[in-house]
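What follows is each chain in one-letter form.
Number of protein chains: 2
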Amino acid sequence: MKQLTDLQEFINEALDKLTFPQQPSDLYEPISYILSLGGKRLRPALLLMACDLFGGDVESAVQPALAIEVFHNFTLMHDDIMDNAPLRRGQVTVHEKWNANVAILSGDAMMVESNKLMMQVPDTILRHVMDVFNETATGVCEGQQIDMSFEQRSDVIIDEYLNMIRLKTAVLLGGTLKIGAIIGGAAPTDAQLLYDFGVNLGIAFQLQDDILDVYGDPEKFGKQVGGDIISNKKTYLLIKALELAKDHQAYELNKWLTMQLFDVAEKVTAVTGIYNELQIRKYAEEAMHNFADKAFKALDNINLPEERRQYLRQFADSLLVREY
Amino acid sequence: MKQLTDLQEFINEALDKLTFPQQPSDLYEPISYILSLGGKRLRPALLLMACDLFGGDVESAVQPALAIEVFHNFTLMHDDIMDNAPLRRGQVTVHEKWNANVAILSGDAMMVESNKLMMQVPDTILRHVMDVFNETATGVCEGQQIDMSFEQRSDVIIDEYLNMIRLKTAVLLGGTLKIGAIIGGAAPTDAQLLYDFGVNLGIAFQLQDDILDVYGDPEKFGKQVGGDIISNKKTYLLIKALELAKDHQAYELNKWLTMQLFDVAEKVTAVTGIYNELQIRKYAEEAMHNFADKAFKALDNINLPEERRQYLRQFADSLLVREY
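Protein chains in written order, with our numbering: chain A, 1 to 324; chain B, 1 to 324.
These are calculated hints, taken from the structure and not from any lab test.
Incorrect hints may have been included.
[Stated by the list, open to error] Anything over 12 angstroms on all C-beta distances counts as not near chain B; from chain A, calculated:
hint: 1; residue: 75
hint: 2; residue: 96
hint: 3; residue: 124
hint: 4; residue: 134
[To be verified] Each pair of labels, with its calculated beta carbon distance range:
hint: 5; chain 1: A; residue 1: 85; chain 2: B; residue 2: 153; range: 27 to 33 angstroms
hint: 6; chain 1: A; residue 1: 247; chain 2: B; residue 2: 13; range: 39 to 45 angstroms
hint: 7; chain 1: B; residue 1: 217; chain 2: A; residue 2: 23; range: 34 to 40 angstroms
hint: 8; chain 1: B; residue 1: 128; chain 2: A; residue 2: 23; range: 54 to 60 angstroms
hint: 9; chain 1: A; residue 1: 83; chain 2: B; residue 2: 265; range: 42 to 48 angstroms
hint: 10; chain 1: B; residue 1: 233; chain 2: A; residue 2: 152; range: 37 to 43 angstroms
hint: 11; chain 1: B; residue 1: 265; chain 2: A; residue 2: 231; range: 49 to 55 angstroms
hint: 12; chain 1: B; residue 1: 260; chain 2: A; residue 2: 23; range: 29 to 35 angstroms
hint: 13; chain 1: A; residue 1: 23; chain 2: B; residue 2: 307; range: 40 to 46 angstroms
Where is the CB? At the ideal position from N, CA and C, for every residue including glycine.
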């Protein structure tokens, strides 16, 4: 089995060689720009890993792996417009560096480019691969729309939230692994099990992210603690707290949610205090472990030599056991 | 041969049956909305016509024909955001009825839907069809970007303009016909000749549109005469006039182009007067006939019974001979 870090390096080299036409420059330069901002290249590396797992030639999966990275960055380019985000990976976003029209149109062109890259598979699996890719793309669009609609709502329930993160984040992980498996020659049932593994792992990973935002060590986590609390982001923790809070806790929580001017540290401390009283961390960790278990169950059923399943288990552990 | 009007009716019936998921409503309702605004359904009907021309079963081309209509409306939805357009076919645009974020994301989802519809062809032609579709989509994005860049430029030359309208408008007509031909079982050379026919006809049609804006009978043409002049739109006529105008004419033309406050009728009369002095209409008609000739030459070489070529000629004539 090839190591994930080697595959990530391999993807970076392939990305360096991926060029676009010179003209029109305002269409193609933003594509090269956003792809140059870096990132862990986890998704494309996982596509290669899935191919490798089933004995496929990693070289044959490079263009589809790039397709996933280009597609992912297309969604980031459009999401950044919608979120009015000034920065992406510490650099100016495309709609700020150029303008919103450029970001809309470059994103559209990126989606076409990702389709072209994904088409670079043998005829025998072309339809299967493209069907998975299109379903994944639909899921990501639906997830983003549901996430945006949550901003206007105060009655979001846990099941809606789990469905949103499944669509917005997890199906792309599942779809990526499934496409890699198909290219690697996996049987349809095994490709589907790897999809289930990826989707459930993706949900668990997002729940962990929600927990880390409040309970993570800022030095190890690399983000400001309580960022979600400050921005009233509807995470698993907040939705669960709104569900469980009674009387004084409910009053306090809503007071902080509606306050226009506040001391940032004071708000984080107060809301975390309510979370602690309600044992929100325990609920969130239970949910996370529930999805991780589903991921591992799917994995157990994949028809692969045990040491390859073990490799996947270790990968999942490395994603989920980030120190708090 | 089926009549074009029957094929347009056939498309309208198929569009009525094309449904999208109920949820998330802000993702799918705008798609149904923009598709319900009408239009001539010329592109999808032409895809069916091309299939029929080569003896293909029109029924087998319906989903790809819908793909072209959905793709075209996706580009309109995003173009309307970029152009800040309040109306589309006399109705409120999606970004006005909902908001820009909804229009961005619904457009993205529409593009995925158009890919899914286009995939509904036999395996034997899937790659060929998708390659043409992707190349067409790239061309349309490039054309829109070049068109937007023209607004900031005062040195656009005729060749750049012709390339822009080729990409923005004509390749979609060519690609549509080519895909229909492939589905109908045309030989690759014939499919390519039909593409050349469509692209050159599309350019001729756009040049005619430029001419009609100034010299068309408003009652027959259905648009305000001089709309392009009022908005300083860089059409073939304006670019040619800027190229040919000397001394006093150049001064007058630039005066009208830079004037912030003006009487609309006065500006249209003055600029049309300059066009007349420079015989711009003659140049534009020559260019239009030049591309129409190229279209007819490609048509002459298609390996089809003469009466079918004649059918295509009559269609081209009906597009180009709109009464002035």
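For this session: Report the numbers of all earlier hints that the structure fails to satisfy, in ascending order.
Result: 1, 3, 4, 6 and 8
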